[in-house]
Amino acid sequence: MSSPGISSAAFPAGLYIATVVLYSCLIVPTFYIWRRHGRAGFLAYNFVFSFCAIRIAGGALSMVARHNPKIETSATVVNSLAISPLLLAELGVLHEARNACLLRLEPRVERTLVVGFHSIITTAIILVVIGIVNVVKGLSTTQDSGLIKAGLAMLVVSYLILLAWTTISLRDPARLRNDTFIDGTVVSYVSASLISPLIVDSFYVLLQLPYHLSA
Amino acid sequence: MRLVYGIIAFLLTSPAFASSLTAKILLSFIPEALSTSLFVLGGYKTRSMYAICYQETLLKHTPSPSM
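If you read the protein sequences in the order shown, they are chains A and B. What the first sequence shows, in this note's numbering, is residues 1 to 215, in sequence order. What the second sequence shows, in this note's numbering, is residues 1001 to 1067, in sequence order.
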């Protein structure tokens, strides 16, 4: 999520134009990579693709909302969804890296863990979106919205679990050092390096909430 | 060093900073762009991952020619 509840007019149009241009450039290679990684990379690159699409739509809606306040709510909700697909994509990349690097992996256990984790994150996203819609409609305020607090708490816990899981996965990969292992290791490091920017972004979301959600 | 930490803590807890364009760019726009670019770079670098994996499996299951 990013800047939930902040009016589109709060930031200059240039920021939204830059967002649309940047993600329009990134969505093309993302689609190519998604196709190249096939079914195994579906969980990762499908969500990166969704993230780019949401950012383009959010930027475009925010620009239009400056002249047409009727779609302000839509722009806010679309902008609020953004970082959650990145968290799901991070989980997908970790799953792909674990499949490539770890030999003694129980496919059924791994699949159950990933599906369970996806369900938790999706539930958190739904809670936050419902909470934001309620705040925008004036049914509650940020301070009173238990839905937003519960959703954000679930997302923060998800980040911490993902951080621990990535660290454990990087520790002792047990596979012969062939090309698949080397590529899997690259994917592991991508997964690990993604944690910091995602944490900074989620921190920004937490920072915004007390002051601006009731806008 | 403590002064730097103090300034950062003050900025991060200040309502004026939280709603500023600087915070939006530093804490939201750049991390998101960085994450997506990392995904794209990592994905592009490992784009042949499964082609190699498939070749390995194929070689493993192909009977060696009898001499």
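Please note that a few of the clues may not be correct.
[As the list claims (entries may be wrong)] Label-pair distances were calculated between CB atoms; the ranges are:
(1) Ile1025(B) to Leu113(A): 27 to 37 Å
(2) Ala40(A) to Arg1002(B): 22 to 32 Å
(3) Pro1063(B) to Ile199(A): 48 to 58 Å
(4) Leu1026(B) to Ile168(A): 44 to 54 Å
(5) Tyr189(A) to Tyr1005(B): 23 to 33 Å
(6) Val109(A) to Leu1003(B): 27 to 37 Å
(7) Lys1060(B) to Lys137(A): 56 to 66 Å
(8) Lys70(A) to Gly1006(B): 22 to 32 Å
(9) Leu1041(B) to Arg39(A): 13 to 23 Å
Hint data in this document are derived by calculation from the structure and do not stem from the laboratory. Where is the CB? At the ideal position from N, CA and C, for every residue including glycine.
Here is how each hint holds up against the structure:
Look at Ile1025(B) against Leu113(A): about 36 Å separates their beta carbons, and that is inside 27 to 37 Å. Separation of Ala40(A) from Arg1002(B) is about 48 Å and departs from the stated range, judged on CB atoms against 22 to 32 Å. Pro1063(B) and Ile199(A) have their C-beta atoms about 51 Å apart, which keeps the hinted 48 to 58 Å range intact. Distance hint for Leu1026(B) and Ile168(A): a CB-CB separation of about 31 Å, inconsistent with the stated range 44 to 54 Å.
The beta-carbon spacing between Tyr189(A) and Tyr1005(B), approximately 29 Å, falls within the hinted interval of 23 to 33 Å. Between Val109(A) and Leu1003(B) the CB atoms are about 50 Å apart, so this pair departs from the stated range of 27 to 37 Å. A C-beta distance of roughly 59 Å is found between Lys1060(B) and Lys137(A), which places it inside the suggested range of 56 to 66 Å. The supplied range of 22 to 32 Å is broken by Lys70(A) and Gly1006(B), whose beta-carbon atoms lie about 44 Å from each other.
For the pair Leu1041(B) and Arg39(A), the beta carbons lie near 22 Å from each other, so the given range of 13 to 23 Å is met.
The earlier numbered hints that this structure contradicts are 2, 4, 6, 8.
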